[in-house]
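Chains as they are written, first to last, in this note's numbering: chain G, 1 to 386; chain Y, 1001 to 1386.
These aren't lab readings, by the way, just hints derived from the structure by calculation.
Among these hints, one or two may not hold up.
As the list claims (entries may be wrong) - If you only want the chain G side, here are some residues facing chain Y, beta carbon under 8 Å, derived:
1) Ser-21
2) Pro-53
3) Asn-179
4) Pro-220
5) Leu-221
6) Asp-243
Here a beta-carbon is modelled for each residue, glycine too, at the ideal position from N, C-alpha and C.
Number of protein chains: 2
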Amino acid sequence: MRDVCIIGIGQTPIGELWDYSLRELAFQALDQAAREAGIERPEALFVGNMLAPRLSDQAHLGALVADFAGWRGIEAATVEAACASGGVAFQAAVRAVGSGAVDVAAVCGVEKMTDDTPELVTSALATAADADYECVHGASFVALNALIMRRYMHEYRVPHEAFAPFSINAHRNAMNNPNAMFQRPITLEDYQRASMISEPINLYDSSPICDGAAAIIVCPLEMARSLTDRPLVRVRASVTATDSLDLASRRDLLALEAAQLSARKAYEKSGLTPADVDVFEVHDAFSIMAALSLEAAGFAERGRGTWPARDGEIAIGGRIPISTMGGLKGRGHPVGATGVYELVDLVTQLRGEAEANQVKNARIGMTQNIGGTGATVVTHILERMN
Amino acid sequence: MRDVCIIGIGQTPIGELWDYSLRELAFQALDQAAREAGIERPEALFVGNMLAPRLSDQAHLGALVADFAGWRGIEAATVEAACASGGVAFQAAVRAVGSGAVDVAAVCGVEKMTDDTPELVTSALATAADADYECVHGASFVALNALIMRRYMHEYRVPHEAFAPFSINAHRNAMNNPNAMFQRPITLEDYQRASMISEPINLYDSSPICDGAAAIIVCPLEMARSLTDRPLVRVRASVTATDSLDLASRRDLLALEAAQLSARKAYEKSGLTPADVDVFEVHDAFSIMAALSLEAAGFAERGRGTWPARDGEIAIGGRIPISTMGGLKGRGHPVGATGVYELVDLVTQLRGEAEANQVKNARIGMTQNIGGTGATVVTHILERMN
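Looking at chain G on its own, in the form it has when it is part of the complex (with noise of 0.2 Å):
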């Protein structure tokens, strides 16, 4: 496979954003990223998007945004695993221009969720969970992220207060962010006194329902060299892996084991190991997945994946920063973009774009973006070359 760089990276502030539609959201992430990566038009679009059939009653995302962009005529599809879609679209470009079918490819990924009542969304997102044996009960997206949290507290006696520092961090770091949806602290106040949504998940340990789009533009290493003078971020593993959707079928449930494979074979494929990564973005939909991302990807021991959080190592300048630029917490979580936000701020960190929250000498970075209760977990590493 030829190596695989980004040359260009876009987003749309997260938010409300009832002015726009999704296909506009899509326009102007794609826009921005293809103006800074200083193309007229890709080979290729891949959209990642989880509920737009159902939010926006719009299937065949692909075509729709490549023809909204102006690119009429390309290759385009939508690529979907719940909320690992951006990961996974992400994925598929990296593999249409690694495999030499196309030279430029662009990801878009694109969610709307506030167009509709908060019951709608509820059920929506139910369908990343397995409908025949978990959601049939009733049980929400929530409550199932719930019941992890339970397990864990339990488990390994951790006390609620635990994961507090993850929301305290994550909307710290999203204050300095003009595409945040939280641009404002919390403190450990603010957290205990939050109402409960699912117990013990409250408010502060659930990421936010939301509208946004982000977009890149990849192309391989050669091309990027003569296309571009900003530094050059190279895509040195990029790996899917999977589990079962029904926790019940989980052989242990704590240990997100396909984010366990994942960074194993992203670490195997890259030649690196945790030590190695300067910035984590982790999925922090909920804050007990920040916890079981940083344990799988080999930055914790097991039942100690609060520890970090507690003893700053996740804050920039700690060991291994999470959520630099407010993560799904603070940034905001629309589920089909989560991935490729995620991606988007890490190239902004390797690049030394962040400013204020920038991570020294910050080369090689990770991402793990999550799907469902981690079924399908995408992990992406990436390095500054220059």
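We have chain G already, so just place chain Y on it with the hints.
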């Protein structure tokens, strides 16, 4: 890109399969394909599906199907482009193997449409069209195809009966396909007396609402030689092209430009011409689409797409046999699965396993899988190697 071969195919019968769930259908097709290929487990699975998020309350089919097939852990994702979902999913599998990222990939097209009311199915199918510019006015998917057919009949002065031979041919071929939904012939009189669905599209111009799954296993050429004694079928070209979703934005309502573009590129990539093609599996979701696809792919002059049907050229033994196992009309059209069924039928022909429907000495075959009213078109050219 490495040469990619098809080493296993599988399919369920198509029909109203109320005894089997979505995942069970997918498993049946994948299990057949994997046994035929002689593999235990692929490294990646790509699921082609359009309607499950709406009709089965289930997204995230990649991991779901991978797990149910006994392949927990492998890479998996859903690839969607409306009715072209099966074709784009197969393309993703070809890229995964072609790039060297994996050696063995599986693709499964699966759709379950008959558990819901016709009203729900009609509104779900309409998500293939433009929600904001077409469906908002109440246009159903069949109504949009009817606009194209009406325009075609007007523009080229083609009577409705000119389309009858497409349906008659499809039904005749479906008689010998044990997996086809309609294993009975129809006559010109049946066609003429059929009830109107959306004028001028009548019952026999339309494909049925149905359930089904089809699967394919692919691997690199070198590996294929060691794995199977069956005739080797190689992918010579895999090309997706797009057009606007909404008909009103098309430059030319009757040109099917995405089909022209994807066919032209597929010929270029393979170094072949229409004259080299022994079998052509068209996307005859509506008979007008069969005519337009024949024109776009170079088998008929503009406005003369019904001529090959009139002249018997589309029959087995004719110049360009189409819908050889019944096509979407006779075999059935479980939308997200259709692109994979087309490929499975073509492989059956190229291997010489089509029995009563065998096209003699078929060595080069083509499929065209159409999403929406032509907004995404995937063309594949396959070749028998030995």
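Hints not upheld, ascending by number: Checked against the structure, the hints that fail are numbers 3, 4, 5, while the rest are satisfied.
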